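Listed below are the residues making up each chain.
Number of protein chains: 2
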Amino acid sequence: MRCSGDIEVRDLEELAINIDPIQAGGRLTPEAMKAVIAYGDGYSVCDNCRKPFRLDQIKKPPLDAFHRELAGFVGMDEARVMPGARRGFQAVADTYVEKGAPVLLTALSHYTGFLAIEAAGGVPREIPKDRNNRITADAAAARIEEVTREFGRPPALLFIDHFDYQFGNEHEVREIAGAARAHDVPVLYNGAYTVGILPVDGKELGVDFVVGSGHKSMASPAPSGVLATTREHAVDLFRTTRARGDLTKREFGVKEVELLGCTLMGATIMGMMASFPRVKERVKHWGEELANGRIVIDALRSIGGTAILSELPRKHTLSRVDTRNSFDKIAETHKKRGYFFTGALADRGIGGVIPGATRVWKFNTYGLTRQQCEYLASAFTDIARENGIPVG
Amino acid sequence: MRCSGDIEVRDLEELAINIDPIQAGGRLTPEAMKAVIAYGDGYSVCDNCRKPFRLDQIKKPPLDAFHRELAGFVGMDEARVMPGARRGFQAVADTYVEKGAPVLLTALSHYTGFLAIEAAGGVPREIPKDRNNRITADAAAARIEEVTREFGRPPALLFIDHFDYQFGNEHEVREIAGAARAHDVPVLYNGAYTVGILPVDGKELGVDFVVGSGHKSMASPAPSGVLATTREHAVDLFRTTRARGDLTKREFGVKEVELLGCTLMGATIMGMMASFPRVKERVKHWGEELANGRIVIDALRSIGGTAILSELPRKHTLSRVDTRNSFDKIAETHKKRGYFFTGALADRGIGGVIPGATRVWKFNTYGLTRQQCEYLASAFTDIARENGIPVG
Numbered sequence: 001m002r003c004s005g006d007i008e009v010r011d012l013e014e015l016a017i018n019i020d021p022i023q024a025g026g027r028l029t030p031e032a033m034k035a036v037i038a039y040g041d042g043y044s045v046c047d048n049c050r051k052p053f054r055l056d057q058i059k060k061p062p063l064d065a066f067h068r069e070l071a072g073f074v075g076m077d078e079a080r081v082m083p084g085a086r087r088g089f090q091a092v093a094d095t096y097v098e099k100g101a102p103v104l105l106t107a108l109s110h111y112t113g114f115l116a117i118e119a120a121g122g123v124p125r126e127i128p129k130d131r132n133n134r135i136t137a138d139a140a141a142a143r144i145e146e147v148t149r150e151f152g153r154p155p156a157l158l159f160i161d162h163f164d165y166q167f168g169n170e171h172e173v174r175e176i177a178g179a180a181r182a183h184d185v186p187v188l189y190n191g192a193y194t195v196g197i198l199p200v201d202g203k204e205l206g207v208d209f210v211v212g213s214g215h216k217s218m219a220s221p222a223p224s225g226v227l228a229t230t231r232e233h234a235v236d237l238f239r240t241t242r243a244r245g246d247l248t249k250r251e252f253g254v255k256e257v258e259l260l261g262c263t264l265m266g267a268t269i270m271g272m273m274a275s276f277p278r279v280k281e282r283v284k285h286w287g288e289e290l291a292n293g294r295i296v297i298d299a300l301r302s303i304g305g306t307a308i309l310s311e312l313p314r315k316h317t318l319s320r321v322d323t324r325n326s327f328d329k330i331a332e333t334h335k336k337r338g339y340f341f342t343g344a345l346a347d348r349g350i351g352g353v354i355p356g357a358t359r360v361w362k363f364n365t366y367g368l369t370r371q372q373c374e375y376l377a378s379a380f381t382d383i384a385r386e387n388g389i390p391v392g
Numbered sequence: 393m394r395c396s397g398d399i400e401v402r403d404l405e406e407l408a409i410n411i412d413p414i415q416a417g418g419r420l421t422p423e424a425m426k427a428v429i430a431y432g433d434g435y436s437v438c439d440n441c442r443k444p445f446r447l448d449q450i451k452k453p454p455l456d457a458f459h460r461e462l463a464g465f466v467g468m469d470e471a472r473v474m475p476g477a478r479r480g481f482q483a484v485a486d487t488y489v490e491k492g493a494p495v496l497l498t499a500l501s502h503y504t505g506f507l508a509i510e511a512a513g514g515v516p517r518e519i520p521k522d523r524n525n526r527i528t529a530d531a532a533a534a535r536i537e538e539v540t541r542e543f544g545r546p547p548a549l550l551f552i553d554h555f556d557y558q559f560g561n562e563h564e565v566r567e568i569a570g571a572a573r574a575h576d577v578p579v580l581y582n583g584a585y586t587v588g589i590l591p592v593d594g595k596e597l598g599v600d601f602v603v604g605s606g607h608k609s610m611a612s613p614a615p616s617g618v619l620a621t622t623r624e625h626a627v628d629l630f631r632t633t634r635a636r637g638d639l640t641k642r643e644f645g646v647k648e649v650e651l652l653g654c655t656l657m658g659a660t661i662m663g664m665m666a667s668f669p670r671v672k673e674r675v676k677h678w679g680e681e682l683a684n685g686r687i688v689i690d691a692l693r694s695i696g697g698t699a700i701l702s703e704l705p706r707k708h709t710l711s712r713v714d715t716r717n718s719f720d721k722i723a724e725t726h727k728k729r730g731y732f733f734t735g736a737l738a739d740r741g742i743g744g745v746i747p748g749a750t751r752v753w754k755f756n757t758y759g760l761t762r763q764q765c766e767y768l769a770s771a772f773t774d775i776a777r778e779n780g781i782p783v784g
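Sequence lines, in order, name chains A and B.
Under the numbering used here, the first sequence has 355 at position 355, and the numbering climbs by one with no breaks.
One gets the numbering used here by counting positions in the second sequence from 1 and adding 392 to each.
Calculated directly from the structure, the hints in this document are not laboratory data.
Keep in mind that a hint or two might mislead.
Stated by the list, open to error - Pairs of lysine-lysine residues, derived as DSS-like cross-links and limited to a Cα-Cα distance of at most 30 Å, are as follows:
#1 Lys-335(A) <-> Lys-280(A)
#2 Lys-34(A) <-> Lys-249(A)
#3 Lys-51(A) <-> Lys-641(B)
#4 Lys-641(B) <-> Lys-315(A)
#5 Lys-426(B) <-> Lys-249(A)
#6 Lys-99(A) <-> Lys-641(B)
#7 Lys-451(B) <-> Lys-336(A)
#8 Lys-451(B) <-> Lys-672(B)
#9 Lys-34(A) <-> Lys-452(B)
#10 Lys-728(B) <-> Lys-335(A)
#11 Lys-335(A) <-> Lys-443(B)
#12 Lys-51(A) <-> Lys-727(B)
#13 Lys-491(B) <-> Lys-595(B)
#14 Lys-426(B) <-> Lys-676(B)
#15 Lys-51(A) <-> Lys-426(B)
#16 Lys-34(A) <-> Lys-426(B)
#17 Lys-59(A) <-> Lys-728(B)
#18 Lys-727(B) <-> Lys-60(A)
#19 Lys-426(B) <-> Lys-60(A)
#20 Lys-672(B) <-> Lys-595(B)
#21 Lys-34(A) <-> Lys-676(B)
#22 Lys-60(A) <-> Lys-728(B)
#23 Lys-595(B) <-> Lys-707(B)
#24 Lys-641(B) <-> Lys-335(A)
#25 Lys-672(B) <-> Lys-59(A)
#26 Lys-249(A) <-> Lys-728(B)
#27 Lys-336(A) <-> Lys-721(B)
#28 Lys-426(B) <-> Lys-59(A)
#29 Lys-727(B) <-> Lys-280(A)
#30 Lys-99(A) <-> Lys-491(B)
#31 Lys-721(B) <-> Lys-329(A)
#32 Lys-34(A) <-> Lys-672(B)
Source: prediction; values computed, not measured.
Pulled out of the complex, with its shape left as it was, chain A reads as follows:
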């Protein structure tokens, strides 16, 4: 069915159980969908923008209150909305990383962290992962010291993912933040896979910046995200412009340099705000999400030759699975090759796995009901049995 011109209607979420690894937390709530319709037009939130003319000060719709709540939600003092988590990384890197300065991230960090550092002129250095694909405070402390010797100065910044995008493994954020603090290294908490789906308290973790993604984990349209910090760092990170017209003597008041003024002026911020009450509520139910996800993990583990590459027991709903010795063996001789597997999933109303993938792949059960997870679990075991792979 066509939406208009050559654009087909997207119906994946309506027609399938979608286990795509990156889409689970960004599905809109019904409230967000209504807000997106009501505020779809470009500058729709600017109807009542009054002095000092800044997005986070608008009272109607109540963007000012939303910004305050957002800061509290991640346990920080000040928050701003950004066009994606990556733009939050960029703002922090631009503020704290001088040209040539070393910046730490990890062996599991997302490419957007590397790009933000590159754009700022910094030099990326990785903290190694351990044999269990986890980043430990010991490894972080050792790398801080090593980099400090190499560059004759401590790293300008340290990025740490609470849960990484590759395995969905949990890393020692609090302890790493402690090690960084001992060396005076500011810490950016990458909450792309946490803020909006599980409780996050930045101050309690001892981090300096919390970055979250609206379209990844806050049930919001893209691009959207949150950048939050402490009162102390807000002075630099959210500094207002000092630019001045040399002829006109114009000044630009309260506009924040790293935000380039206003960021999300319509559907995106309204989607975030409309979803926010449900998002605040849903983070309290993370335990149920994990329990549901484990049903699927247990089913996959029961399939002969299948290995969960993520840490066990699972502490996140995003997991990496290795089926090279199960479904991929079937693919070797199946007439549909690798497509037999994703085809069989599609026949059962399951989508979100890259067509043809049978080797190492990721999935995410976030937001699925217990019943859907049970269905998904039996779909995997049924497909295995049908193809003669031992189960149990």
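Given the coordinates of chain A, work out where chain B should sit on it, guided by the hints.
Here is chain B on its own, set in the frame of chain A:
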């Protein structure tokens, strides 16, 4: 009426003729509204993202073809979508402006240009406006030479608005680009008030970069925009990452540094794309838009004491008007003070003027029908007559 929680439904466009200066070109088309509903979920366009995993290469929905058409639409070789025109300014400034380098913009430039320069560490210098509030090539050439003497080097970049946001006046883009070229200064064409509402051909104008705003002038949700350039400059501006994990040896392939990878992964790009056929068509009807706008301008000019501060005849639908000697005189003694004027407009179903404004204000008739403009024109003259201001 509430949309959800404390969010009221926005009904300005449904209930009123909206003459807000910045909202006119960003109202969604029906096609965009449908696309926003179908693709509201966070990473909705990523369903069929395959190698090399980049937004502008996605074939379904046809984002790849859209990107190519977008480049052609503004007369350039390569185009990317950005989270707003300001993020386009930032990408260009970050690429071409070294710390301490002078950058030219104009006495009428928007604050976002100043912020992009400030973020890149550049030093802004303004090209003066003439007595008619226009930027001329003579003034640009003189300032290029002056700045070159001051800094011992030519400006790293020159920003020029085709039409500025203050008066909606047209500036000598082609001639300014010629002067800049003679001094080897790259030119950024700010098309926030042109791309999507009137025909723009960057190469024909001789500029190096064309920046447009989706939510301001391309009937798209915020934040969205376009950044286009020549094949020559694309090599630098759209450079792919050279970052590398020092331990993992990871590389990040085709990801573009200034874009931080992908930019608009859902509702925003789908809104842009769905509106695009109508946008391509509507730029051909700019003459009708101007004719409609002049009906309103003529009515305002017929009101005693009212002055149009923008150039005449109007070449844009955004205009600045001075009613200090007409409506503001009434406000001095009216029991509702300045609110009498915007109240009288509201009584007639006209919105978009800041409540209480009676001194110097802006409005935009873009997208209104001839009949709506005639209605608007008589509303202004009726309000004048009712309050004893001579008309005619």
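Here is how each hint holds up against the structure:
At roughly 48 Å between alpha-carbon atoms, Lys-335(A) and Lys-280(A) are farther apart than 30 Å, so this suggested pair is violated. Between Lys-34(A) and Lys-249(A) the CA atoms are separated by roughly 44 Å; this puts the pair beyond 30 Å, and the hint is violated. A C-alpha spacing of about 50 Å is found between Lys-51(A) and Lys-641(B), which places the hinted pair above 30 Å, so the restraint is violated. Note on Lys-641(B) and Lys-315(A): the hinted pairing holds, with a Cα-Cα distance of about 28 Å set against a maximum of 30 Å.
Proximity of Lys-426(B) to Lys-249(A) is assessed by CA-CA distance (about 45 Å); at most 30 Å being required, the pair is judged violated. In summary, the hint linking Lys-99(A) to Lys-641(B) is supported, as the alpha carbons are separated by about 22 Å, within the 30 Å threshold. This hinted pair checks out: Lys-451(B) and Lys-336(A) have alpha carbons roughly 23 Å apart, not beyond 30 Å. A threshold of 30 Å between alpha carbons decides the hint, and for Lys-451(B) with Lys-672(B) the separation of about 21 Å falls inside it, so the pair holds.
Under the criterion of a C-alpha separation no larger than 30 Å, the hint pairing Lys-34(A) with Lys-452(B) is consistent with the structure, at around 26 Å. In summary, the hint linking Lys-728(B) to Lys-335(A) is not supported, as the alpha carbons are separated by about 80 Å, beyond the 30 Å threshold. This hinted pair checks out: Lys-335(A) and Lys-443(B) have alpha carbons roughly 24 Å apart, not beyond 30 Å. In summary, the hint linking Lys-51(A) to Lys-727(B) is supported, as the alpha carbons are separated by about 24 Å, within the 30 Å threshold.
Taken as a hint, the Lys-491(B) and Lys-595(B) pair is honoured in the structure, with Cα atoms around 29 Å apart against an allowance of 30 Å. Among the hinted pairs, Lys-426(B) with Lys-676(B) is consistent with the structure: their alpha-carbon atoms are about 24 Å apart, no more than 30 Å. Between Lys-51(A) and Lys-426(B) the CA atoms are separated by roughly 34 Å; this puts the pair beyond 30 Å, and the hint is violated. Between Lys-34(A) and Lys-426(B) the CA atoms are separated by roughly 13 Å; this keeps the pair inside 30 Å, and the hint holds.
With a CA separation close to 23 Å, the supplied pair Lys-59(A) and Lys-728(B) stays within the 30 Å bound. For the suggested pair Lys-727(B) and Lys-60(A), the alpha carbons sit about 26 Å apart, so the restraint of at most 30 Å is met. Between Lys-426(B) and Lys-60(A) the alpha-carbon distance is near 26 Å, which keeps this suggested pair within the 30 Å criterion. Taking the CA atoms of Lys-672(B) and Lys-595(B), the gap is about 18 Å. The hint holds against a cut of 30 Å.
For the hint pairing Lys-34(A) with Lys-676(B), the CA-to-CA distance comes to about 34 Å; that exceeds 30 Å, so the pair is violated. Using a Cα cut-off of 30 Å, the hinted pair Lys-60(A) and Lys-728(B) holds, with the two alpha carbons roughly 22 Å apart. Between Lys-595(B) and Lys-707(B) the alpha-carbon distance is near 22 Å, which keeps this suggested pair within the 30 Å criterion. The hinted pair formed by Lys-641(B) and Lys-335(A) fails the criterion: a straight-line CA distance of about 37 Å is larger than 30 Å.
Simply put, Lys-672(B) and Lys-59(A) have alpha-carbon atoms about 36 Å apart, too far for the 30 Å limit, and the pair is violated. A distance of roughly 35 Å separates the Cα atoms of Lys-249(A) and Lys-728(B); the hinted pair therefore is violated under the 30 Å criterion. Taken as a hint, the Lys-336(A) and Lys-721(B) pair is broken in the structure, with Cα atoms around 80 Å apart against an allowance of 30 Å. Between Lys-426(B) and Lys-59(A) the CA atoms are separated by roughly 29 Å; this keeps the pair inside 30 Å, and the hint holds.
Under the criterion of a C-alpha separation no larger than 30 Å, the hint pairing Lys-727(B) with Lys-280(A) is inconsistent with the structure, at around 46 Å. Note on Lys-99(A) and Lys-491(B): the hinted pairing holds, with a Cα-Cα distance of about 10 Å set against a maximum of 30 Å. Using a Cα cut-off of 30 Å, the hinted pair Lys-721(B) and Lys-329(A) is violated, with the two alpha carbons roughly 85 Å apart. Taking the CA atoms of Lys-34(A) and Lys-672(B), the gap is about 29 Å. The hint holds against a cut of 30 Å.
Violated hints, listed in ascending order, are 1, 2, 3, 5, 10, 15, 21, 24, 25, 26, 27, 29, 31; each of the other numbered hints is respected by the structure.
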